[in-house]
Amino acid sequence: MLDTTKKFEVPEGVDLELRLAGPVIRINAWLIDAAIRLAIIVVAFFTLTWLGKVGIGVMLLIYFLTEWFYPVFFELKQGATPGKRLFNLYVCHDDGTPVNWQSSMLRNLLRVADFFPFAYALGLLCMLANRDFKRLGDIAAGTVVVYREKESIAISILDAEPTPLPVPLTLTEQRAILDFAERHAYLSESRQQELANHLSELTTKQGEEGVKELYCYANWLLKGQ
Amino acid sequence: MKQAQFEQKYQERWQGFERLIQDLEKRKNKRQISTDNHYDFPKIYRDICSHYAIARQRYYSPVLIRRLHALVLAGQVQLYRHQTIWLWKVFEFVLATFPQMFRKHIKVFWLATALFYGPAVAMGLACYMDSQYMYSVMDRWQVAEMEYMYDPENKNIGRKEEREADTDFMMFGYYIFNNVSIGFRTFASGILLGIGTLFILFYNGIVIGGVAGYLTQLGYTETFWPFVSGHGSFELTAIVISGMAGLILARPIFAPGNMTRINALKRAAQDSIQLMIGAALMLFIAAFIEAFWSSSTSVPISVKLGVAAVLWAGVTLYLSLAGRTRSEH
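Going down the list, the protein sequences come from chains A and B. Counting along the first sequence from 1, when you hit position 43 you're at 43 in the numbering used here, and nothing is skipped either side. Counting along the second sequence from 1, when you hit position 15 you're at 240 in the numbering used here, and nothing is skipped either side.
Isolated chain A, as found in the complex (with noise of 0.2 Å):
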């Protein structure tokens, strides 16, 4: 399936997936930083300044340490800048394991790369040319942008008289059915009776009452008899 998705096997031995951020998203995580540096820098040097050389002396380690390591701060905190967070982003190595300090380090140190030649234009064609939407710094660091799942909501599918199958379905078809069961509450009545209506020559018949025997073999498939 062609998907922006990563796929990885943890020594468990299953499979298991992130779902990979893009550039756009990226850009707008990083503009609420860029904000948030800002303000930071803004405020110590109304606050600072004032209080004469060891004032600037302070101001200027806090813009030293707000340049290069705002990032790795929070990386190493929470897995992701507060705009990212925002985003519902998060960073973390290429086997979903959470970032350490090196792999954070390095990815936010060579943004300096990245940025060359100028607003990070090389960095961004890399993402582009990058099946994981890495730039330089992801990929030395071997680190990914992901997005964190929702939490998931307990759905359950409609209760009914469980039916069998008339025919044997394959197991893609049976999880098909299930799927359809269970996506009822984000499907509108008249887009439910469509999609069953393509099953009719299974359930031998139409509109609303197609929809009740799918879910009547939902049941079956889930619970058995």
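Just so you know, these hints were derived from the structure itself, not from any lab. Everything numeric in this text was worked out from a predicted model, so none of it was measured. Treat each hint with caution, since some may be false.
[To be verified] Here are the computed lysine-lysine pairs in the DSSO-like style, where the Cα-Cα straight-line distance is at most 27 Å:
#, chain 1, residue 1, chain 2, residue 2
1, A, 7, B, 491
2, B, 234, A, 150
3, B, 491, A, 6
4, A, 150, A, 7
5, B, 268, A, 150
6, B, 268, A, 7
7, B, 251, A, 150
8, B, 314, A, 77
9, B, 251, A, 77
Given the coordinates of chain A, work out where chain B should sit on it, guided by the hints.
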């Protein structure tokens, strides 16, 4: 087994695991773990993994699979979270990891040394013999400013302003901001085929060598050398190490060995970042020495040169001996 039975059978375990993960997430920074349940974490995690695999194998419904997937992913994050003591890590890094890593790549260090000190010595000699060469890298205002800073008549060596305690602190902030940033740039531009690193090493070598040669030729030896020799031990060595880290980052693109370029790069990057962080710590120390010691005018020159000799010897011994193991020669 039908899905409903499967869910009923393991529902409690899954809910327990969910609670466990929430617990662990909340307790992020505290190491005390309350319930006995936590000790079973890896076992429960493996069970959930197998439930996930079974659910997929049997084509159970997408919602269930998604739920188990989320559980496995959250469990993996908790299982592989780094939980070592922060301060201990810093000690370990400074006392062993960094100097070991330095010696592992010592050849690259000599290469970076040549790339930095080579141009420095050449430019230094050129400026010493003919001061006109200085103007090829600096304009005359910069030259005049530099001359003023190290003029023996000037009471505030190495600076334009009066020397007071608060000026020291301001300069400390400035040195950190300026020097560490240069170090980071030297390193990071290594990934652009090493060109950036080569350029920064070469350029800084020329400027620093040129200034040294020019001022020596002017006869400002008693102000210039005592000022720079102390912090130079940490600063110049750290700049060379930043360059070394940048070159290590550049190497896999040309010579990946028997790996793909991307894998070779990832591997080299893990080594190079440790060198860079070590170099950044050295630049911090250098900034401290430069701001609070090098600029002091009340200390006799002989003491300053003596301290400088001790510092150079210290840096050399630290990098060549710290964290040595039996297997290392």
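Against the structure, the hints:
Restraint check for residue 7 of chain A and residue 491 of chain B: the C-alpha separation of about 19 Å stays at or below 27 Å, so the hint holds. With a C-alpha separation of about 25 Å, the suggested pair residue 234 of chain B and residue 150 of chain A falls inside the 27 Å cut-off, and the hint holds. The suggested pairing of residue 491 of chain B with residue 6 of chain A holds, with an alpha-carbon distance near 18 Å, which does not exceed 27 Å. For a cut-off of 27 Å, the pair hint linking residue 150 of chain A to residue 7 of chain A stands: about 18 Å separates their Cα positions.
This hinted pair checks out: residue 268 of chain B and residue 150 of chain A have alpha carbons roughly 26 Å apart, not beyond 27 Å. Between residue 268 of chain B and residue 7 of chain A the CA atoms are separated by roughly 24 Å; this keeps the pair inside 27 Å, and the hint holds. Straight-line distance between C-alpha atoms of residue 251 of chain B and residue 150 of chain A comes to about 18 Å, which keeps the hinted pair within the 27 Å bound. Annotation: proposed proximity of residue 314 of chain B to residue 77 of chain A holds, straight-line Cα distance about 16 Å (limit 27 Å).
A hinted pair counts as satisfied when its Cα atoms are at most 27 Å apart, and residue 251 of chain B with residue 77 of chain A qualifies at roughly 13 Å.
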